[in-house]
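**Student:** Sequence:
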Amino acid sequence: MTNELKLIFDDSELEKIQQSDLKDRQHPLKRLLFSDYNYERNHQVLTNTDRALRHLSEKNEKWISSLKKRLLDFDDYSTSSSALGEIRAFGYLLEAGISVKPLSSGSDFLLRQKEDEEEDEVLLEVHSKQMNHNETQALEEFHQGKRGRSVASPTSPKIIVREHVTTPCGKPKKGESTTENVISKLAYIKGKEHQLSKDKTSILWLDFQDESWNLFDDVGRILPIRTWNSAFYSGEFWYAFYGWKSAIIFEMSELDHPFYGKQVKMRHDGRFLQSNKLDAVIISFSRNTIVMENPYSTKAIKPWLWKKLIYLPWFNFEYSYTNWLVSDLEQKIDLDKKKIIALSKYISL
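Residue numbers (the working numbering): 1 to 349.
Since the hints were derived computationally from the structure, they do not count as laboratory data.
Accuracy of the hints is not assured; some may be wrong.
[What the hints assert, rightly or not] Below, in silico cross-link-like pairs of lysine to any residue (SDA-like), each with a Cα-Cα straight-line distance of 20 Å or less:
1. Lys192 to His127
2. Lys6 to Leu33
3. Lys185 to His127
4. Lys345 to Ser246
5. Lys200 to Ser104
6. Lys198 to Ile301
7. Lys101 to Leu305
8. Lys6 to Tyr39
9. Lys173 to Glu251
10. Lys192 to Leu123
Work out the full structure: start from the sequences and follow the hints.
**Tutor:** This is the structure we're talking about:
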């Protein structure tokens with residue numbers, strides 16, 4: 001199968017990509033086109049990107065060309081990462097059969113439908129979440145040998161290795177847990193909402209296919225609560241959008257050691273309780289596309305768009321939170337809240 005991403009660049013540009021330096025990560029293009037290790041997620045993200053480009057290439061060559069400067073940014077790898085996220089979002093929408101018009105701001109798109117002489121328009125903003133700036137710098141210094149702790153290998157004590165702990169959303173503030181910090185950072189993505197509308201249905205598309213989120217690419221984070229190794233964990237995405245101030249946050253919470261001596265609570269409401277503009281978020285993982293609707297929206301996604309969204313690549317209905325079909329999302333969220341409250345009381349006994 002043709003590598004659509006590689007076809008965008010000439011030989012000299014491909015050579016620059018291949019020779020690009022390792023910073024906090026590989027250059028996003030090098031990671032997809034010239035990975036020197038066989039990592040399944042890299043291959044999947046390349047496949048997703050090529051799939052999107054195949055739907056873009058026929059009628060959107062000018063738009064693709066307009067991204068080349070950003071794609072080939074070798075100073076700030078987040079610029080290239082963001083452009084790749086926009087390619088995937090645009091291509092996914094086209095594959096779903098949606099009429100899409102790119103807007104001048106670059107990361108914004110207008111979704112259109114004309115039916116019975118009436119036209120409906122939906123605003124969609126694409127954002128490729130990037131690692132916290134301080135964490136980016138620290139990881140780059142680690143790769144340069146300027147940072148890191150030397151420890152003996154657990155399997156071969158005579159071998160010394162360097163290790164470095166990275167928290168992609170940034171180190172928690174004093175008195176803040178790691179999970180609480182992640183929830184807060186997710187809740188306030190594009191928080192000023194300048195590109196969204198009070199009148200038109202407005203959707204935020206969040207791309208998490210960058211290398212920085214390898215360990216974050218887990219559909220279980222969409223759920224209100226998940227378990228691992230007999231411990232309870234809060235689902236960062238659910239809390240970020242549906243959580244409420246004072247909601248108990250679970251992090252390694254076990255029946256024998258429920259909160260390790262301290263209960264952590266959300267210090268703010270989830271995004272949907274705060275916003276009168278944002279009607280839904282679409283979360284794009286490498287093998288899952290999730291739709292989370294705002295249950296309190298007055299301009300929710302209309303049936304014509306839902307008939308298209310189900311054809312998005314990797315659309316996962318069972319993990320999505322929607323009003324589609326039965327309009328029971330608010331009741332579903334209320335039930336999730338009751339479970340969270342009940343569990344927090346139970347494991348505190």
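**Student:** Starting from the hint list further up, note which numbers the structure goes against and sort them upward.
**Tutor:** As far as the earlier hints go, not one is violated by this structure.
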